[in-house]
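Colleague: Read off the chains here:
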Amino acid sequence: MNHTDVEVLSDCSIRSIMMATGNFLKNRAMSSAATTSPSVDKVDGFSRKSVRKAKQKRSQSSSQFRAQGKPIELTPLPLLKDVPAPEQPELFLKKLQQCCTVFDFIDTLSDLKMKEYKRSTLNELVDYVTVSRGYLTEQAYPEVVKMVSHNIFRTLPPSDSNEFDPEEDEPTLEASWPHLQLVYEFFIRFLESQEFQPSIAKKYIDQKFVLQLLELFDSEDPRERDYLKTVLHRIYGKFLGLRAFIRKQINNIFLRFVYETEHFNGVAELLEILGSIINGFALPLKAEHKQFLVKVLIPLHTVRSLSLFHAQLAYCIVQFLEKDPTLTEPVIRGLLKFWPKTCSQKEVMFLGELEEILDVIEPTQFVKIQEPLFKQISRCVSSPHFQVAERALYYWNNEYIMSLIEENSSVILPIMFSSLYRISKEHWNPAIVALVYNVLKAFMEMNSTLFDELTATYKSDRQREKKKEKEREDLWKKLEDLELKRGLRNDGIIPT
Amino acid sequence: MAGADGDDSLYPIAVLIDELRNEDVQLRLNSIKKLSTIALALGVERTRTELLPFLTVLNVYFEYCLAVLSIIYTIYDEDEVLLALAEQLGNFTMLVGGPEYVHCLLPPLESLATVEETVVRDKAVESLRKISQEHSPVDLEVHFEPLVKRLASGDWFTSRTSACGLFSVCYPRVSSTVKAEIRQHFRTLCSDDTPMVRRAAASKLGEFAKVLELDYVKSDIISLFTALASDEQDSVRLLAVEACVSIATLLPQEDLESLVMPTLRQAAEDKSWRVRYMVADKFSELQKAVGPEITKNDLVPAFQNLLKDCEAEVRAAAANKVKEFCENLPEENREQIIMTHILPCVKELVSDTNQHVKSALASVIMGLSTILGKDNTIEHLLPLFLAQLKDECPEVRLNIISNLDCVNEVIGIRQLSQSLLPAIVELAEDAKWRVRLAIIEYMPLLAGQLPLTKSLCRVVVYAIREAATCNLMKLVEKFGAEWAQNTIVPKVLGMANDPNYLHRMTTLFCINALSEACGQDITTKQMLPVVLKMSNDQVANVRFNVAKSLQKIGPVLDSNALQTEVKPVLEKLATDTDMDVKYFAQEAISGTRFTLASLHISTKSDLPF
Numbered sequence: 001m002n003h004t005d006v007e008v009l010s011d012c013s014i015r016s017i018m019m020a021t022g023n024f025l026k027n028r029a030m031s032s033a034a035t036t037s038p039s040v041d042k043v044d045g046f047s048r049k050s051v052r053k054a055k056q057k058r059s060q061s062s063s064q065f066r067a068q069g070k071p072i073e074l075t076p077l078p079l080l081k082d083v084p085a086p087e088q089p090e091l092f093l094k095k096l097q098q099c100c101t102v103f104d105f106i107d108t109l110s111d112l113k114m115k116e117y118k119r120s121t122l123n124e125l126v127d128y129v130t131v132s133r134g135y136l137t138e139q140a141y142p143e144v145v146k147m148v149s150h151n152i153f154r155t156l157p158p159s160d161s162n163e164f165d166p167e168e169d170e171p172t173l174e175a176s177w178p179h180l181q182l183v184y185e186f187f188i189r190f191l192e193s194q195e196f197q198p199s200i201a202k203k204y205i206d207q208k209f210v211l212q213l214l215e216l217f218d219s220e221d222p223r224e225r226d227y228l229k230t231v232l233h234r235i236y237g238k239f240l241g242l243r244a245f246i247r248k249q250i251n252n253i254f255l256r257f258v259y260e261t262e263h264f265n266g267v268a269e270l271l272e273i274l275g276s277i278i279n280g281f282a283l284p285l286k287a288e289h290k291q292f293l294v295k296v297l298i299p300l301h302t303v304r305s306l307s308l309f310h311a312q313l314a315y316c317i318v319q320f321l322e323k324d325p326t327l328t329e330p331v332i333r334g335l336l337k338f339w340p341k342t343c344s345q346k347e348v349m350f351l352g353e354l355e356e357i358l359d360v361i362e363p364t365q366f367v368k369i370q371e372p373l374f375k376q377i378s379r380c381v382s383s384p385h386f387q388v389a390e391r392a393l394y395y396w397n398n399e400y401i402m403s404l405i406e407e408n409s410s411v412i413l414p415i416m417f418s419s420l421y422r423i424s425k426e427h428w429n430p431a432i433v434a435l436v437y438n439v440l441k442a443f444m445e446m447n448s449t450l451f452d453e454l455t456a457t458y459k460s461d462r463q464r465e466k467k468k469e470k471e472r473e474d475l476w477k478k479l480e481d482l483e484l485k486r487g488l489r490n491d492g493i494i495p496t
Numbered sequence: 001m002a003g004a005d006g007d008d009s010l011y012p013i014a015v016l017i018d019e020l021r022n023e024d025v026q027l028r029l030n031s032i033k034k035l036s037t038i039a040l041a042l043g044v045e046r047t048r049t050e051l052l053p054f055l056t057v058l059n060v061y062f063e064y065c066l067a068v069l070s071i072i073y074t075i076y077d078e079d080e081v082l083l084a085l086a087e088q089l090g091n092f093t094m095l096v097g098g099p100e101y102v103h104c105l106l107p108p109l110e111s112l113a114t115v116e117e118t119v120v121r122d123k124a125v126e127s128l129r130k131i132s133q134e135h136s137p138v139d140l141e142v143h144f145e146p147l148v149k150r151l152a153s154g155d156w157f158t159s160r161t162s163a164c165g166l167f168s169v170c171y172p173r174v175s176s177t178v179k180a181e182i183r184q185h186f187r188t189l190c191s192d193d194t195p196m197v198r199r200a201a202a203s204k205l206g207e208f209a210k211v212l213e214l215d216y217v218k219s220d221i222i223s224l225f226t227a228l229a230s231d232e233q234d235s236v237r238l239l240a241v242e243a244c245v246s247i248a249t250l251l252p253q254e255d256l257e258s259l260v261m262p263t264l265r266q267a268a269e270d271k272s273w274r275v276r277y278m279v280a281d282k283f284s285e286l287q288k289a290v291g292p293e294i295t296k297n298d299l300v301p302a303f304q305n306l307l308k309d310c311e312a313e314v315r316a317a318a319a320n321k322v323k324e325f326c327e328n329l330p331e332e333n334r335e336q337i338i339m340t341h342i343l344p345c346v347k348e349l350v351s352d353t354n355q356h357v358k359s360a361l362a363s364v365i366m367g368l369s370t371i372l373g374k375d376n377t378i379e380h381l382l383p384l385f386l387a388q389l390k391d392e393c394p395e396v397r398l399n400i401i402s403n404l405d406c407v408n409e410v411i412g413i414r415q416l417s418q419s420l421l422p423a424i425v426e427l428a429e430d431a432k433w434r435v436r437l438a439i440i441e442y443m444p445l446l447a448g449q450l451p452l453t454k455s456l457c458r459v460v461v462y463a464i465r466e467a468a469t470c471n472l473m474k475l476v477e478k479f480g481a482e483w484a485q486n487t488i489v490p491k492v493l494g495m496a497n498d499p500n501y502l503h504r505m506t507t508l509f510c511i512n513a514l515s516e517a518c519g520q521d522i523t524t525k526q527m528l529p530v531v532l533k534m535s536n537d538q539v540a541n542v543r544f545n546v547a548k549s550l551q552k553i554g555p556v557l558d559s560n561a562l563q564t565e566v567k568p569v570l571e572k573l574a575t576d577t578d579m580d581v582k583y584f585a586q587e588a589i590s591g592t593r594f595t596l597a598s599l600h601i602s603t604k605s606d607l608p609f
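These protein sequences, in sequence, are chains B and A.
For the first sequence, the residue numbers in UniProt numbering are 1 to 496.
For the second sequence, the residue numbers in UniProt numbering are 1 to 609.
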């Protein structure tokens with residue numbers, strides 16, 4: 001593992017990142033942009049009959065592969081505050097060991113007393129690590145990690161992935177949350193405690209631990225994912241030796257998500273963490289990070305459920321471009337490659353993200369991609385879906401983008417002209433036509449000579465295009481004739 | 001050989017390549033799909049020297065230039081175009097000049113096999129596997145095998161996953177030194193540090209084991225299998241379960257216990273439900289692969305556990321296999337095993353909390369009766385069937401009804417009708433139309449098996465309401481015209497006065513189906529008056545169906561009735577205000593005249609029957 005990782009984890013907390021992404025969303029003049037989400041019909045990849053269509057919709061689930069049966073007995077221990085200070089560390093360890101016992105929460109009636117006992121013990125432990133001093137002996141580390149592992153690491157239960165729409169349906173909540181929450185709470189306090197020493201903890205919080213932690217991000221319970229986010233962020237911050245490993249495993253999760261299953265509940269949370277990680281990348285960027293951008297983040301745009309994590313994804317992308325503007329070209333080309341073909345909602349999201357990118361683009365980078373970029377924008381402007389057309393036409397309200405267009409009007413105007421001219425006459429939606437007139441007017445003011453020229457040649461250009469079309473058809477016809485003729489003349493032309 | 005043909009020079013490669021480069025994706029896609037046409041136009045020589053190198057460049061999305069830390073794009077293309085390309089190239093052998101030259105297809109396919117998009121990559125691998133068969137053994141070693149090696153040691157995970165699918169096609173045809181190398185590469189990929197590659201390797205493990213010599217299966221494959229089956233990721237472990245089937249088939253019986261069973265036992269108790277699900281899903285295959293002895297000692301308890309698993313997914317998968325598992329048990333103590341070990345679990349599943357578990361069970365449970373014989377079925381299974389027939393979940397009821405025939409074979413009609421018929425009759429009034437539909441679909445079958453009872457008639461009446469006309473005909477054929485006249489016809493005709501026009505139309509549909517089977521007498525005397533009366537219906541849909549019915553029953557009627565009764569009504573309908581009624585009335589008139597003519601010629605001799 002690379003222990004000399006120089007990058008710094010930005011100190012802005014997760015909270016502020018969430019705010020940043022939130023603002024980011026508001027900043028884009030979404031106006032009437034799509035608010036309805038595409039139905040997220042995710043495929044588990046894992047062939048399974050959808051077994052949970054049960055009409056009594058379970059709101060809770062838990063999958064501890066447990067031995068059925070026997071009631072659990074824990075011997076009550078005295079409160080930590082009731083014993084003399086020197087005995088406390090010993091008692092602390094005993095309590096940690098007791099809390100390793102895991103209860104069955106699906107059976108709501110079993111072990112009620114013991115469940116309550118464990119809950120109060122956990123509460124006590126949370127308070128204890130927050131306020132106490134000198135409790136963290138070296139022996140405590142393995143016990144803490146053991147207790148946390150016993151409680152949080154489990155195989156997640158089967159999900160309703162076939163029908164579950166995270167934007168519509170209530171998520172399935174974790175049944176054992178009353179305990180689980182306190183365990184997470186305890187662990188975070190432990191990691192944040194002033195006495196916490198990563199040099200000792202790294203023996204126990206290792207790669208295997210992190211791997212299991214990452215798998216939990218697939219939890220359907222948003223409360224759990226929220227805690228996990230904080231936990232992972234703290235671990236990333238404190239354990240330099242695990243950073244590269246964590247990034248790599250997140251890579252793998254994303255790649256599997258994009259190319260294999262299209263199902264993972266914690267993408268947005270992981271992206272949020274990455275947002276703060278990227279923020280702290282040292283310059284110049286390592287090849288590994290660029291590869292992550294181009295080969296993982298960009299393909300994430302292809303996923304059907306993009307709407308669920310698009311804000312966080314776009315934030316990460318813009319972070320990268322602010323770090324290193326030379327990445328603009330590959331990013332925009334990547335977006336153009338994965339431009340949605342059939343999903344208008346996604347197209348609107350892409351246009352929003354693109355505007356964010358254009359907001360920070362350097363003029364030298366703009367020149368490099370303006371041609372393919374505006375070919376796409378010209379297609380969007382003439383989209384019959386008015387939200388797409390409208391979102392694209394809003395670019396002309398953005399002063400910075402306008403200034404870029406103006407500087408390069410001789411290139412952009414010819415690309416845009418024919419679609420603008422056509423929709424100004426043909427589009428069904430009057431609002432779009434009005435917007436198009438404004439854009440045409442702006443172009444006319446920018447470069448009236450070119451504008452007049454294009455207007456004059458519009459007709460002949462169309463005719464030329466038609467002729468070319470015809471030529472292509474003829475070519476293919478000739479080729480087919482040729483193939484036919486050969487087939488007829490010489491059946492044995494292909495050696496067998 | 002073509003190539004010097006004058007036509008070819010008309011199409012310089014530049015023009016064709018221009019087409020492949022067209023800005024419009026659709027056009028690009030079209031031209032890729034016509035790649036064979038282009039190749040044909042170019043002739044084999046130029047295809048090899050000019051077209052293929054171009055295609056190799058075409059699919060390079062971006063070349064990562066780490067040295068200068070900048071990213072250089074050549075032609076990046078839509079995955080859809082690349083997919084078409086990958087598919088085309090698999091059929092290109094003849095177009096580049098036959099097996100002798102097939103290796104020149106490798107470079108473009110190699111770069112396609114490294115593309116991120118899984119669909120493209122898989123297609124490229126499929127094409128590579130296909131053309132590997134067309135390589136001579138020498139070419140395979142000189143050209144194909146190095147490609148596999150390059151992919152296997154590629155930087156990015158995509159090429160390594162692709163390599164996994166290519167080992168097994170070249171292994172049998174190369175020298176032993178190269179074989180050793182291939183085995184080494186496969187070993188490396190099985191412990192790759194990206195889970196994607198390990199998954200790819202695990203999914204090809206069984207296939208690769210099949211082409212290996214037995215000694216290497218024992219020495220190499222088993223250790224890889226054990227390692228993959230205890231991988232940290234459950235997505236890898238579950239693929240090892242699949243491989244288990246092929247591996248167990250390859251090994252001699254005496255080695256199974258020591259080499260395969262520990263891993264299989266562990267998988268059946270894996271902490272991840274996905275792995276246990278996979279074991280349940282593959283249970284019959286596993287059972288066949290390990291043989292009767294191990295099945296008896298090991299798989300029976302494992303299967304019991306799966307049937308009692310805490311996850312419904314696993315229970316449902318296991319429930320699906322109950323019948324197959326029982327069928328494949330060793331004959332000598334099959335009954336004893338089922339009765340003491342399996343049946344108690346099955347009984348519990350009948351009242352499972354999850355409906356999918358119950359419906360999975362319901363779809364196979366009837367099959368147990370053939371295995372257990374008459375007495376056991378009556379004593380132990382019938383109560384379960386009855387419980388499931390009354391289950392609150394319609395799918396469960398449906399699955400039971402759909403499998404009634406196999407029980408009948410075992411316990412005989414009397415027993416079946418006594419015990420199950422009341423429940424079935426109840427289902428004919430089920431609230432779920434799918435259940436009613438299933439009953440109707442099974443009606444002729446039931447009728448064949450059950451004695452004609454009053455309750456059956458009630459079922460038939462419901463069938464009529466559901467307009468199951470085609471089944472109605474079969475029933476009448478079975479029980480005769482007299483039965484129809486007494487039981488069905490009155491019901492049918494009664495519906496002609498129903499306030500709901502859909503039911504009135506049902507009358508017409510039933511008459512269409514019944515007239516032929518009932519014969520001229522009943523049709524003319526009982527059905528025709530009703531039909532004629534309905535020509536005055538308020539609803540146009542009913543009226544034009546009257547026209548259709550008249551045309552349909554025309555052949556069965558005698559010519560007198562046709563002339564005096566049918567014709568005036570049709571003529572009246574032909575002047576109806578509704579367009580459709582007019583149209584069908586006119587159709588009927590022209591159709592009926594034709595039958596009139598034929599009736600005159602052949603008199604009455606060719607009536608139906």
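Treat the hints with care, since some could be wrong.
To be verified - Here are the simulated DSS-like pairs of lysine-lysine, each with C-alpha atoms no more than 25 Å apart in a straight line: (1) B:468 - A:33; (2) B:478 - A:552; (3) A:390 - B:466; (4) A:33 - B:341; (5) B:467 - A:533.
Derived by calculation from the structure, the hints in this document are not laboratory data.
Colleague: Indicate, hint by hint, whether the structure satisfies it.
Modeller: Checked hints:
The straight-line distance between the Cα atoms of residue 468 of chain B and residue 33 of chain A is roughly 21 Å, inside the 25 Å bound, and the hint therefore holds. In summary, the hint linking residue 478 of chain B to residue 552 of chain A is not supported, as the alpha carbons are separated by about 53 Å, beyond the 25 Å threshold. Straight-line distance between C-alpha atoms of residue 390 of chain A and residue 466 of chain B comes to about 69 Å, which puts the hinted pair past the 25 Å bound. The suggested pairing of residue 33 of chain A with residue 341 of chain B holds, with an alpha-carbon distance near 20 Å, which does not exceed 25 Å.
Of the supplied pair hints, the one linking residue 467 of chain B and residue 533 of chain A is violated, its CA atoms being roughly 66 Å apart against a limit of 25 Å.
Hints 2, 3, 5 from the list above are not met by this structure, while the remaining hints are.
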